[in-house]
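*Asks:* Could you build the full structure based on these sequences and the hints that come with them?
Residue numbers (the numbering used here), protein chains in the order written: chain A, 1 to 266; chain B, 1 to 255.
No lab work stands behind these hints, which were simulated from the structure alone.
Bear in mind the structure is a predicted one, so any value in this text is a computation, not a measurement.
Every residue gets a Cβ at the ideal spot worked out from N, C-alpha and C, and that includes glycine.
Among these hints, one or two may not hold up.
[As the list claims (entries may be wrong)] DEER-style ranges, computed between Cβ atoms:
| hint | chain 1 | residue 1 | chain 2 | residue 2 | range |
| --- | --- | --- | --- | --- | --- |
| 1 | A | 15 | B | 253 | 54 to 60 Å |
| 2 | B | 26 | A | 115 | 55 to 61 Å |
| 3 | B | 76 | A | 249 | 40 to 46 Å |
| 4 | A | 48 | B | 144 | 46 to 52 Å |
| 5 | A | 103 | B | 80 | 56 to 62 Å |
| 6 | A | 98 | B | 250 | 51 to 57 Å |
[Unchecked claim] Stretch by stretch, here's where chain B covers chain A in the computed footprint (C-beta under 8 Å, at least three residues):
| hint | segment |
| --- | --- |
| 7 | 154 to 162 |
| 8 | 166 to 173 |
| 9 | 245 to 258 |
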Amino acid sequence: MRPLIRNEWFVRVAAPLLVGALVLAVWQLACQTYEVPAYLFPTPTDIAAKLASDLPGLLGALWSTLKVTFMAFAIAVIAGTALAFLFTQSRIIEFSLLPYAVILQVTPIAAVAPLIIILVKDTTAALTICAAVIAIFPIISNTTIGLKSVDPSLANYFRMNKAGRLQTLVRLRIPSALPFFLAGLRISSGLALIGAVVAEFVAGTGGRSAGLAYEILQSSFQLDIPRMFAALFLITATGVILFLAMAGLSNLLLGHWHESALKVEQ
Amino acid sequence: MHDLVRPTLSAPIPSIGVRIEGARLTYGGVRLFDGLDFALEGGRCTCLLGPSGVGKTTLLRLIAGLADPEPPTKLIAEDGGPLEGRVAYMAQQDLLLPWLGALDNVLLGPRLRGEAIGAAVVDRARGLLDAVGLGDRLRARPSELSGGMRQRVALARTLMEDRPIVLMDEPFSALDAITRLRLQEMAARLLAGKTVLLVTHDPLEALRIGHRIHVMAGQPAEIGPAISPEGTPPRPPDDPALLARQAELLRRLAS
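*Replies:* Structure below.
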């Protein structure tokens, strides 16, 4: 029999799950042995019980966070890709707009969020703008680099065959940019969630309620620590699912040809 | 199976000679060549040997229309027509699109030129892949093929263009010795009748498949007189006369 450590399934699935189970067990045992009160640090079973009992309320909050995340992500993808195409079409557009994209990126969203929330009346719209602002940059920069990094010899081949601008775009530039775009997508999906949660926190401190972050804030005021953890768990799970979905998409689109997705022969 | 391809390949395309007169090219402030004259005999394979950086590739790109000629460079097709649209180009890298299968890569040229892809065109592409021994790997993407197979797909694609003039820039230099010998033979057979310029750094390769062999050297570079080995290409690699010629070529290259 092959040693367990060489088994692909064990390394990829079972090993990380085992570590997770171990951490949870130590956590549970430690809390019980030292009789740590649930309002200081709840045990995993406390959190699970809370998650089950408060599920309807938490799911409502999750739904509003998800709504903001997905809308922001969609806006970032559409607007970011459109901007990247514009950037590669003309140098003057690129150089006149890029600095502002960078400014948008380097300004901490937590500092801008209050302003946006004051200016935009509708809470969901305000939150979506905040999240989209930070989710858009990886899409712009990755897609722009991707559209530019076409193999020069391939570009020559297209030139020799008198391929038009559109042909070159569709048959060469876009496929070449795809791996970069998908990497951008992966980062951006995570940022959209972070942006949504940060914006919800800012809105929540201003008394406008929405989403899981507001639930966390409320629970901390009420010292309902297990509920804080339960909300936190839902946010993390959302992030992981988003990441896996993007990785899956990337695998689906690149699996047959790109180095990043091909299985390496050992 | 090769008969499938033959008729389309040996269709009466008139062979066209190419002359380059007074070619001048400056690259990065260095004059690579100046007042260079060179001729490709129509329907024959001309091989160009020379040290790296001497300007072989640049000369080839000049003929391919990929580099802008400096005056007073003149590029003349001997039948008086334009060169544009009558030149096919094959490079050291296979230049295959990694996201397309072998057949689609061969069909890329006609697609880019906006030609209708009918059953006849697809059949021809299949026939060419068959001729290079890849008839059973039509759907295979480049990542699934070995270096030699990829270069064979590239050869099929070059033949698909069906241009009277074919320019090849070290097309086999990245391959192992045996694969290289096989591909040289295949290329010589399939390219017969076309005007070919093959740039290489391998004297044996030039001697196997060239009708005329030139050495390019110096700065600014000059092209020496032609060597015309006996016999018709592809010549066997173990021919003693060939080996003697190889020694002579190596001497010329080293000097």
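*Asks:* Would you mind marking each hint as holding or not holding in the structure?
*Replies:* Verification of the supplied hints:
1. 15/A <-> 253/B: 54 to 60 Å: holds (58 Å)
2. 26/B <-> 115/A: 55 to 61 Å: holds (56 Å)
3. 76/B <-> 249/A: 40 to 46 Å: violated (54 Å)
4. 48/A <-> 144/B: 46 to 52 Å: Holds - the Cβ-Cβ distance for residue 48/A and residue 144/B, about 47 Å, lies within 46 to 52 Å.
5. 103/A <-> 80/B: 56 to 62 Å: Check passed, 60 Å falls within 56 to 62 Å.
6. 98/A <-> 250/B: 51 to 57 Å: With a Cβ separation near 54 Å, residue 98/A and residue 250/B satisfy 51 to 57 Å, so the hint holds.
7. 154 to 162: holds (count 8)
8. 166 to 173: holds (count 3)
9. 245 to 258: Per the Cβ count (3), the hint holds.
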